[in-house]
Amino acid sequence: MRKYAFGTALIAVPLLIALAGPLVAGEPGPRAVSFTAGGGHWLGTDFTGRDVWRQVLLGGRSVVLVAIAATVLAYALALPLALAAALTGRAWWEEVLLRPLDVLIAVPSLLLVLLVATALEPGPGGLALLVGVAAVPDVARVVHAAAVEAAARPVVEALRLHGESWWRIAFDQVTRTIRRTVAADAGTRLVGALYLVATAAFLGVGVQPDAADWAVMVDRNRPGLFLQPWAVVVPALLVAGLSTGTNLLFDAALHRAGGKEVRR
Amino acid sequence: MTTPLRGWARRRLLLGAGQIAAVPVLVFVLTEALPGDAAVTIAGDDPDPARIAAIRAALRLDRPAVERFADWAGELVHGELGRSLVSGRPVADYLADGLAPTVLLASVTLVLLVPVAVGLGMLAARREGGPLDRAISTATLGVYAVPEFALGVLLTAVFAIRLGWLPPTAVGGVREQPAVLVLPVVVLLARPVCSVARLVRAGLIEAMAAPYAVHALRCGVPPARVRWTHALPNALAPAAQQLARTADWLLCGVIVAEALFVIPGLGTVLLDAVAARDVPVVQGLAVLFGVVTVVLNLAADLVARRLAPRTEVVV
Amino acid sequence: MTEPELVRVDRLGVAVGGRTLVDGVSLRVRPGRVTALVGPSGSGKTTTALALLGVYPDGARVTGTVTGGMPGTGRPGAPGPGAVRVGHVPQHPATVLNPARRVGVLLRDLARVHGGGPEAVRRALKDAELTDVEGVLSRYPHQLSGGQQQRVVLAQALLTGARVIVADEPTTGQDPGTAARVAALFGRLVARGTGLLLLSHDLRTVRELADEVVVLEAGRTVRTGPPADVLPAAEEPAPSAPSRSGRPEPGPVRLSVTGLTARHPGGAAVLHDVGLTLRAGECLALVGRSGSGKTTLGRCLAGLHPRHDGSVRLDGEPLPRSVRRRGRRGLSAVQYVFQDARSTFADHRPVLDQVARAAVRLRGRSPSEAADEARTLLAALGLDPAKASRPPAGLSGGELQRAALARALVVDPAVLVCDEITSGLDTDTRTAILARLAERRDRTGLALLFISHDLAAVGALADAVVTMAEGRLVTGPPARATECQTPGLTSPA
Amino acid sequence: CSPGPAGTPGDAAPGASGTPRRGGRLRALFAGGGANETLDPHLVNLFADAARAKALYEKLADSGSDLAAVPRLAAEWEPNAGLDTWTVRLREAVFHDGRPVTAADVLYSYRRIADPKRAFRARASLEPVDLAASRAIDARTVEFRLKRPYAEFPNVLAAFGAYIVPEGTEDFQHPVGSGPFSFVSFRPGTSLLVRRFDGYWDGAPHLDELEILAAAEESARANALLAGQAEYAHELTPATARAHERGGRIGIVRLRNSAMQGFVMKTDRPPFDDVRVRQAFFLIADRQELVDGALSGAGEIGNDLFGKGAQYYPAGLPQRAQDLDRARALLREAGAEGLKVTLDTSPVAAGFVEAAGILKDQAAKAGVTVEVKVGSKDTYWKDILDGGVFASYRSGALPVESHISQRLLSGSTTNATHWRRPDFDDLYTQAQSTADPAARAALYERMQRRLYDEGGFLIWGFADWIVGTAQRLRGVSAEAPANTLDWARFDKVWLA
Ligand SMILES: Nc1ncnc2c1ncn2[C@@H]1O[C@H](COP(=O)(O)OP(=O)(O)OP(=O)(O)O)[C@@H](O)[C@H]1O
Ligand SMILES: Nc1ncnc2c1ncn2[C@@H]1O[C@H](COP(=O)(O)OP(=O)(O)OP(=O)(O)O)[C@@H](O)[C@H]1O
Ligand SMILES: [Mg+2]
Ligand SMILES: [Mg+2]
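Residue numbers (my numbering), protein chains in the order written: chain A, 242 to 505; chain B, 10 to 324; chain C, 2 to 494; chain D, 144 to 639.
Isolated chain A, as found in the complex (with noise of 0.2 Å):
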């Protein structure tokens, strides 16, 4: 499994750490001037004058799970959406499908952040909605241009043919056959997904604003990068390491699914 092993490697320590990390956090010290370093604390003090280290160790958690969870569900949701538009025969179901969605791009996501913020005060689970559904449009819109073209392959009017059900279709043969395209996209709205976790968490959406979060540290420490850059710099390499192993992952398990199948 020599292939596995870069990716592995990336993923390992950011995982320990998501996993482990809160056991060993232990309890929070005094607190001292924002940005410094050195003084018993190893990575500095973050934007709140806590020590960054304990910050570290905490914080993996929720962003996996949020991460993890609202990527899941944006696909949850726009899967069979965009199957559904890909598979139906009729042009006007497929626009009554697709269409709405495309009103819901042109709205600023902006304003649908401010308003679940201020309206719904949504917490971590209700965050992870908000991204997961503001996601959709966009997802949608990717699988369904992959969709279309294998769906409209003779293997599947033979299923038809043969009575085949739509979820066979449409999971088994269609979703197969672009399994690269939507892993490749799925990987990558991975990391979008988290960064969207931390700006909404300044606009006060689910996770507090100094919450313990990889990537609410980063967006806030911002301003201390340079008297003590670890507060950012260590939660963005945990980050990169988790989403870049994530996404090898991904290749490497493709690869070998992969091959020539259709050799003539």
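It is worth saying that the hints were derived from the structure and are not from the lab. Glycine is no exception: its CB is placed at the ideal position from the N, C-alpha and C atoms. Just so you know, not all the hints are guaranteed correct.
[As the list claims (entries may be wrong)] Computed spacing ranges between beta-carbons, pair by pair: (1) D/E310 - B/L22: 35 to 45 Å; (2) D/L189 - B/R69: 39 to 49 Å; (3) D/R168 - B/P58: 16 to 26 Å; (4) B/A109 - A/S350: 19 to 29 Å; (5) C/R391 - A/Y245: 19 to 29 Å; (6) A/S406 - B/E84: 48 to 58 Å; (7) B/E84 - A/E336: 48 to 58 Å; (8) B/V120 - C/P266: 30 to 40 Å; (9) B/L23 - C/S323: 22 to 32 Å; (10) B/A308 - A/S406: 31 to 41 Å; (11) C/P392 - A/G267: 47 to 57 Å; (12) A/I309 - C/P392: 49 to 59 Å; (13) B/L22 - C/G260: 34 to 44 Å; (14) D/R593 - B/Q186: 29 to 39 Å.
Dock chains B, C and D with the ligands against chain A, hints included.
This is chains B, C and D with the ligands only, laid out in the frame that chain A set:
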């Protein structure tokens, strides 16, 4: 009889008009749903209730929402976008001022994005899982994982402050010193390059493995040509969609980059207008964004259709 | 043998997962000579031929040597130095046509690469019996009929100007007239010094062309030599002529088609006011020139081509135009065997499962029952179920064709439309298949619409023959006249 | 150069020394107000607006660094015995178009501000003045009639936004004022360009030109300054200051006591209607930790009283420090153990969200659960004026009297602590009708003691206002809290 394409295009244009109309309505509802109104934001940190009431009266915000929207729509029909509640300047001016820098930034970014992203995607796809593929994927994903803001601050620190090669911000105007565009454009490129390249790569790997590509190679067509003219078209549809979304994002205001580099584009206008609950301006932007989005989506779908011609016979 | 060789294959062995596909096959391709590979379906012809292109099944163990031929995958047996370009007409033309590009694109590219401009393209298409040049160039592969696709691929091979051409069943999919002209074309090519490796079941063509014949069986060479020596001398006996005697009278009208006019999106009508009736236990053969509209008709009946007017009635009940609106009953009542079997099987599932699945869905069988039925059916069609439990890439052309037939029969339909189901089959297998169908017809009153170019098969099975000519039905077998006009592409108004 | 009345500018300011050099263009960066900016001086709201107005216009008086009114366009003022009629004599000053500044202009400007239909910000400050009855005695003398005795009337003349415009001005496309610079060009949300006004009464500026540029993002302001795209950057974060203070590339000027930082407790709502709970919270706050964490150390700790360093500030009162045990005791007495309160905050001002988080932790140590609720920054001030019970609060420098009259009287318009005490109001009225400064000071002291003991303002610190300057920029005063006379005073600076 009309070709299916023309029929499709006509239908989509009609729908598009509907969508463009729908956007301001939705936006209006959202802005109304936001707490507070222009009067409150004008009052700022001196929220004397009497004063707020007076402002509200002066701005004629005390009328029912439906009435205000009707007025606005009525003006729009006569090609009038109305005036800002806060400053009284015509909304058209706001849009015009914001549009220039935004379009400039967006076009430069796109002009670079397409070749770079497609190029990288194709390079990565040459040998799936090969060192080049790994390198490109890791690099692009790594950059993608750094949020715009951190990236911008970092690049500015190095290239503008430490090395002094480039101006760090656009204060004093973009036209005067085109070099200010470099950093913003790089920051704007960072993420789309990754997402588009990844899609191109994915599609191309499939396509290059498909029998028709193998066959073309076997017939002696140069690999490069097979990749570009035979495989790529089959790989492009999703990337095209992603590209459209990117263009949309670029044209509808890139808030972070604008703030970071002091480029007073549409993003800034939107941000301020929403913060000030300056409904006419927000509405004006909504119309503009509606048009942009619909047109871009239409273009992307057109490309997708052309690249999957067999869909015409799907039963 | 002292003549120069373009390609020589010496004691080639190809084995996958311990199973030997090809075992010690040797052959030569010489300039200006035709080497023919014949043998029953699944005997290893394609596998052998692909070796000349340096292509082997995934994870194949290869022994022996191929000298000349295409630089391949670098495995043992991959061609060494002095390799020549090998033009290839694959057995499944559809799969090698780029769905996203017009046919013209690759053709022009080839012309550019191998010298020669638009003229070369034009000539190649003409040679490949595609007269409406512009029409072809500006079309997408899916807008071509099976035979047309095959000829486009042939034209590609011609354009490469390869000194060696591997033609895998190049004339299946073609009507006898076109087939004959394609054969003649090969003759001219060879006369110009090209070396041809011909894989075919069509022994007539082989006799005409071949200088040397290699007969394979189960991957082994059983005979080699000039056709006269190795092939049965006489015209192979046309399968026993149908005798209505001892057969149940055709039952009530099952399928009645009236005023059927079909058009393709954006294109002109391809079927004009077609009408026909099909009785239970009757077999109607549909013949006609390639591109005349047979498949379109078949697809209309199967509900795969909803863009048509006119009525299609099953037992007097109008059938919905589209498969989507045909319920389980409608679907199982009318089944269709696709002309291009290969691209109707999903790449990632064992063929057996896919065949069985049809029974599960349309006859409510339990997966295990369905699997058993599928096995017995496949066996009956001469296809070893063990083979069928591989994904489609692991089956030969003829095997896939039989699997496709099984996939339709397992549903136990009332009406079966067979589109060129014998094109990839050797005489014996074909006879067996036809016997099975006849038996089904007589036992279960299956009504057959038998689309074919294979007049022998038609003669064997059909109670009546209708001819499709430019989208119109003409009763009776094709008159020689229609046969000999240069075949057009679509019916020119 | 004639030093500003409030003492020589910038003793402590880097490079304030040396003899002024004439000429050059100064580019000053502020957090702008976007495309909505106008040049109507009566609409000032943000620091950027104030800086622009200050360059073009002038008030009758302005606040010195101790927030006491300093004469500007007014040469001097004179109350009557009853302190309800004030005679203001204008100095000889001219507008940019050469017209003299007259009593008519003053009255016009004030009436414009006070126009109820317009609801200008400064209207509240002018409320005590009976403008109908006020009149011009001669071209350069105005007599203001007040509705009641008002000893601190000069604060009105110095009120934020009370600028003097030429009589009849309504259009501000090409503003004409009496300030040190005259208008050249204006691009809303981007830049205002002004030129030296040689006729300025207080001595023409050293600079040829001044360009006030807008950059909302702090890092952008800092970078532009570092890269020499600007010579003056207003409102930098403490982090930026610390990062570059020693760098030697830019100068850092800390304007002390510029922004009061605190929390407001609604004194009429549970739990804060119980004085003991308020006192407990006074004792929960570890002020140094707040200053370090939220202001990154850039500020001084507060003593729950407004206006540190200002006139009338009771510096004598003992400094409060955290005392969790007493806090617990008080809460117990108040029967408020295991207290839960929601703290409203918002990213509306620097340090808010941070401070809220820190106080939350401190309160936890005293067994109080503070739940931080981040609200919309656009409507924050209105939301907390009457909503919630506990909220983050800040205020720019103001005279102590203005703070009281605007925020702590029963009739105050922005009384965020709902501090409504008739007896307290009486003290205020009494002070305003007391002519003798010493006696008045005593009254202010009594009021503030009261607030110190049981008020609703938990004032934990005073943030420095941080300004970055290019090395060649001289004469920037460090002794000027934001919004005082010498703050953003570009007529006294020069480029070396
Ligand atoms: N990838 C594979 N793995 C295992 N078996 C294979 C594979 N490909 C082909 N075979 C088997 O090898 C045998 C020869 O296949 P081949 O395609 O060469 O037959 P063929 O002579 O071309 O038959 P046809 O005339 O039907 O095309 C067949 O029985 C087939 O099932
Ligand atoms: N999507 C399409 N658009 C336009 N024309 C099409 C399309 N599909 C098929 N045609 C044309 O319709 C005609 C009938 O095609 P069809 O496949 O029915 O022919 P066929 O009789 O089956 O030929 P063959 O014997 O080669 O299979 C052909 O000339 C073909 O070029
Ligand atoms: Mg074969
Ligand atoms: Mg056909």
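Now for the hints, and whether the structure bears them out:
1. D/E310 - B/L22: 35 to 45 Å: Violated: the Cβ-Cβ distance is about 58 Å, outside 35 to 45 Å.
2. D/L189 - B/R69: 39 to 49 Å: Given a distance of about 25 Å, which is not inside 39 to 49 Å, the answer is violated.
3. D/R168 - B/P58: 16 to 26 Å: For B/P58 against D/R168, whose Cβ atoms are near 44 Å apart, the range 16 to 26 Å is violated.
4. B/A109 - A/S350: 19 to 29 Å: Holds, at about 23 Å.
5. C/R391 - A/Y245: 19 to 29 Å: At 27 Å between Cβs, range holds.
6. A/S406 - B/E84: 48 to 58 Å: Taking Cβ atoms as reference, A/S406 and B/E84 lie about 53 Å apart, which means the hint holds.
7. B/E84 - A/E336: 48 to 58 Å: violated, 31 Å
8. B/V120 - C/P266: 30 to 40 Å: Given range 30 to 40 Å: holds, Cβ gap about 36 Å.
9. B/L23 - C/S323: 22 to 32 Å: Check passed, 25 Å falls within 22 to 32 Å.
10. B/A308 - A/S406: 31 to 41 Å: For A/S406 against B/A308, whose Cβ atoms are near 35 Å apart, the range 31 to 41 Å holds.
11. C/P392 - A/G267: 47 to 57 Å: Taking Cβ atoms as reference, C/P392 and A/G267 lie about 55 Å apart, which means the hint holds.
12. A/I309 - C/P392: 49 to 59 Å: Violated, since A/I309 and C/P392 (Cβ atoms, about 33 Å apart) do not stay within the stated range.
13. B/L22 - C/G260: 34 to 44 Å: At roughly 36 Å between Cβ atoms, C/G260 and B/L22 fall inside 34 to 44 Å, so the hint holds.
14. D/R593 - B/Q186: 29 to 39 Å: violated, 58 Å
Checked against the numbered hints listed earlier, the structure breaks hints 1, 2, 3, 7, 12 and 14; every other hint is satisfied.
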